[in-house]
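**Q** Sequence:
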Amino acid sequence: VVDGADWRRSKWGVISSAFLKLNSFIAIKFSKSVVVDSKIIQKKYKDKLKFLCDYIPYGYNNKKNYDKKILKKYSLHNKEYIVFVGRFEKEKGIEFLINNFNQIESDTYLVIIGGNKANRKYEDYIKSLGNQRVKYLGFIYDKDYINILRYSLFYVSTSFVEGTSPSLLTAMGVNGFALVSDIEENLETLNGTCSTFKTGDGNDFIKKLLYYIYNKKNIDIERIKTKSVVEKYYNWDSITNDYLSHIYRLID
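The opening position of the sequence shown corresponds to residue 2 in my numbering, with each subsequent residue numbered one higher.
The reader is advised that the hints may include incorrect statements.
[To be verified] Computed cross-link-like contacts, DSSO-like style, restricted to lysine-lysine with a CA-CA straight-line distance of at most 27 angstroms:
{"#": "1", "residue 1": "Lys217", "residue 2": "Lys65"}
{"#": "2", "residue 1": "Lys45", "residue 2": "Lys199"}
{"#": "3", "residue 1": "Lys199", "residue 2": "Lys80"}
{"#": "4", "residue 1": "Lys128", "residue 2": "Lys45"}
Calculated from the structure, these hints are not laboratory results. Keep in mind it's a predicted model, so treat the numbers as computed, not measured.
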């Protein structure tokens, strides 16, 4: 299995980036079979290395373990906040997110799940940016994480660089609506659902943010479409069967 173009991430230095890129090349050239979870990556390997990878998408597992009472633990209220999930890294666009969110007038909160244990200085800097409507919850997992996603107004991501985002896919399945940057990886994952803004364009982001905060009925309509797409393309049971079938073909 080959992941996305991880060498593009800013956290890697020149040597580390070159090493990751070389490993990707070796994996393609000397493997009997390569599986990718993105058609974008599949096309890039075909165009650049003339190698056709097998595509099997990332999946979403809906355990439906919802409990609204968990919100009280974090002083949150149903559909009165939007949520960001991710490590505090520059390519995640978290500075862009907070700085633009600070400019809008709304009673809606921005809840941020994540941090950066490897770079506490940058984590502290990000925490210093938010106004009184920004809540930092740190890293949250399992039932709490799922329920915070579930009862948010919607999920938001402002990434400049991304692969197939597990948190976006989870948000699509659990919540049903997301507002994300229009990088090609996000567009592929959304598959015609939810909404996007022009990457790095603060005016477009604020415009879309305010529109959905004050037009909740439109979000409910989008959720119906999102549910259908998630069930059709990202069902873990069918994806598991695809992996098993792929392994059996290799064995034969």
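**Q** Taking the numbered hints from earlier one at a time, note which ones the structure violates and give those numbers from smallest to largest.
**A** 4
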